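Visitor: Chain A is already provided as a structure; the job is to place chain B on it using the hints.
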Amino acid sequence: MILVNGVLLALLALSVIGCALLGPVRLDLWQAWQNLSSANPDAEIFFRARLPRVLLGVAIGGGMAACGVVLQALLGNPLACPQMLGVSGGASLGGILGLIFFPNWLLPIAGGLFGEISWVPLAAFLGALCSMTLVYRFSLFHGRLHPYHLLLSGVIFNSFIAAVIMFLNSIVDFYQAQGLLFWLMGSLSTRAYLTVAFIWAYIIFGFLWLWAKGLSLNLITLGEEAAMQLGVETGALQRQVFVASSLMIGAMVSVSGMIGFIGLMVPHVMRLIVGSDHRLLLPASFLAGGIFLCWADTLARILLAPAELPVGIITAFLGGPFFLFLLYREGRRKLAL
Amino acid sequence: MAALAGLAHPASAPPPQRIVSLAPSVTETLFALGFGNRLVGVTTYCDYPVEAQKLPKIGGFMSPSLEVIVAKQPDLVIGVSSATDPVKAREMQRLGLKVTLISLVSINDILSSIKTVARLLGNPEAGEKLVRKITGQFDEVKKRIAPAPRRSTLLAVGVRPLVAVGGKNFIDELITLAGGENIAGNAAQPWLNLPDEYVVAKAPQVIIEAGMESERSETAKHWADLRSIPAVKERRVYSSPSDKILRPGPRIGEGLEDIARLVHPECFAESKRRNNQGSGCEGSRP
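If you read the sequences in order, they're chains A and B. Under the working numbering, the first residue of the first sequence carries the number 111, and numbering increases by one thereafter. Under the working numbering, the first residue of the second sequence carries the number 841, and numbering increases by one thereafter.
Worth flagging that the hints you see were computed from the coordinates, not collected in a lab. Remember, predicted model here, so these are calculated numbers, not experimental data. We put the CB at the ideal spot given by N, CA and C, even for glycine. Fair warning: there could be bad hints in the mix.
[Unchecked claim] Which residues of chain B face chain A? A partial, calculated answer using Cβ under 8 Å:
hint: 1; residue: S903
hint: 2; residue: L1032
hint: 3; residue: P1035
hint: 4; residue: D1036
hint: 5; residue: E1037
hint: 6; residue: V1040
hint: 7; residue: A1043
hint: 8; residue: L1066
hint: 9; residue: R1067
Chain B extracted, bound-state conformation:
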């Protein structure tokens, strides 16, 4: 947690009322905590919830405009430590703005950043409550998939080139929580360009394409000629464009369920209609 200025915040000072968010996930967190009305500026990528789309824009995710931010006269600017330009962050501080950078690398980071933001805004209970809601969603999924065997999984954004989720990425953790095993989870990079032969050799049982541009037909076609991959053979190639999965924000609980439904659809089927056969959820219970 890299809170540059947050720790020195005296308890007596009034909580910030004019906030600029430098990332879509931060915007989502503020709305989820009930502080959406305090936002005076968001990035052009902040599209959720719909109210965020109507807020004034301060530029792109990687290229926020310093002068537009300053003109908003915010009493708090919240960015992400891996994405926000540190030079710009320092510049903003020199101009007298209070800047907090949160780290969103792991699920733990995401949950504790929610608490940090809630604390900064003077309502720690809202943070605790939101985190409880998300961990509750996690537990629900965990319970569902508990009896199912782990399925090796490839989660990618885009097939040309094939950019896959690697290690040190909260999505890698989500895959594990969803009962999958990321075939690129041992990679040092959070995102990496995988060669086709690696996917064939790792033989994933599930392939999920989560990029916002993806279309089911194209994803399936892309893999169709590699029939030795179990996911292709067993028709477990899915296209699921989803910000819930890709954004390190308060919707990761829903994102986890999205992944789990694709990795273990049998665990989410109506129990009445199912009979225990194949690799069914209960069917594989020892």
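Bound conformation, chain A alone:
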């Protein structure tokens, strides 16, 4: 099974290179390597327009899939996904408010030393933190996090936020509404390596944290009581997994908006391939999610060129039917958690 992860890692490396070479415009890689310092269109296309976005896609795809795996285990629900936790809604609302009220604010990094980043992702991340705290508070009873409450409060919180966003969308001006809609649909468009590095740092940290809990996650899928009898501190585990995945989701939504389906679908597919041992399933899902989003974003750039499609459309188009096919093929056999 180490083999599977090795193969996936190789595929991921190939995908990164392949996706960075593919796009709506032709790229002369030889030209790109010449003259890196001065203004060179090929170098700019490769190093500024494509590479950061491919790297961001790998991080987001991997992070979404990893969060999906642990949330499905934690909540004991095969339908659990990063979009259900309430955090994504909070991040969206934060981002939207940032877009409406301070669209042109830029934050200097270390006094402008490392350039400036948009204020919007930070507003989104703040929104994610607030909603995480709220949902957490509502699901905590006598110091214990209840999966059902977590699921319900997340879903209800998200629908409430969706209504707030639709309300804001209907009171802002026409062109602004269009911009908000695009932002909500999600995009990996970025040229800032700083943003990419920030997301990778978050994802790696969160992923390692979750991976370290692999064995406990295996046990908790047997049921809370069984896990407790086997020595798992279920209360602490639930809290830690919730906080870790919420932070990851908040960071991801804040830079790329809502990119759905990966967190729901990739974990199920990988469970069919590598089984339910989270120590293997987590890295396998991370790698597969990265590969999937990498290619989905490349399709989003190419399919209607020169127009760019929202990448969430591609993930849903590819993911939905494929997932239904898997369900059909599995017949009555329940997708094992």
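Guide: Just chain B now, with coordinates in the frame of chain A:
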């Protein structure tokens, strides 16, 4: 021109006196024709001219309220065929209202819609006069930029995401009339989200950001790292928030001049102060 009911209008009937406008451009046209006093309802987006802001509102551009419109007892409702909800238009007709939807896709559409509205209101001469004024403004710009070479141009509303003017959009025509060449003009969509790499590959000589939220500093900063783009290198990245450019109404003549001034500033400079050098307007005359 999709005039649903306008054609059957008998010449003898009195021209409409209570009009509801379902789009900012329609409101502007009515005021420009001198019929602003006949408006009994406009959308919340109708902000020009200032008098329009004081008129009763019938809801948003995409979501006008049917009952508010009916309560105004209009004898004519004017909407835009690509924006007004056709179900709502039919509903209004069923309720006995006269609804006219005008098409505003191309410059020709805009000009002929002005004539149509003027005719509907019983004053075709006002329409002819307004159209003559606009085409006069067009000719003036054409004359100015005639000697200048075409400059490839990106016109966008918003940089995050980058939403650009595509083909089948009157603004695409305006760019061409202004002596530019829209880098996304061959796109099938009137508006499209462009990836950065496409802009780098197309190397526009002029970048104009016309979104109402745009600020010069942000627009310039957004492009600053892509120095291979001629517009960035030559500092031809402009932020020009302008309803004159974006609204398919009677101010498109002024909008055209706004674009032309950005695409070919040298053609609008005072001739005394200029000497013929660089890519100057006369300087490039063959």
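Visitor: All the hints need checking, so say for each whether the structure fits it.
Guide: We went through each hint and held it up to the structure:
1. Interface restraint check for S903/B: the shortest CB-CB distance to chain A comes to about 7 Å, inside 8 Å, so the restraint holds.
2. At a threshold of 8 Å, the smallest CB-CB gap from L1032/B to chain A is about 4 Å, leaving the interface hint in force.
3. Taking 8 Å as the C-beta cut-off, the interface hint given for P1035/B holds, the closest approach to chain A being about 5 Å.
4. About 4 Å separates the beta-carbon of D1036/B from the nearest beta-carbon of chain A, less than 8 Å, and the hint is met.
5. Checking E1037/B against chain A by beta carbon gives a least distance of about 4 Å; that is within 8 Å, so the hint holds.
6. With a least beta-carbon distance of about 5 Å to chain A, the hint placing V1040/B at the interface is held under the 8 Å criterion.
7. A least Cβ separation of about 7 Å between A1043/B and chain A falls short of the 8 Å threshold, and the interface hint therefore holds.
8. Taking 8 Å as the C-beta contact cut-off toward chain A, the hint placing L1066/B at the interface holds, the least distance being around 5 Å.
9. Because the closest C-beta pair between R1067/B and chain A is about 4 Å apart, less than 8 Å, the hint holds.
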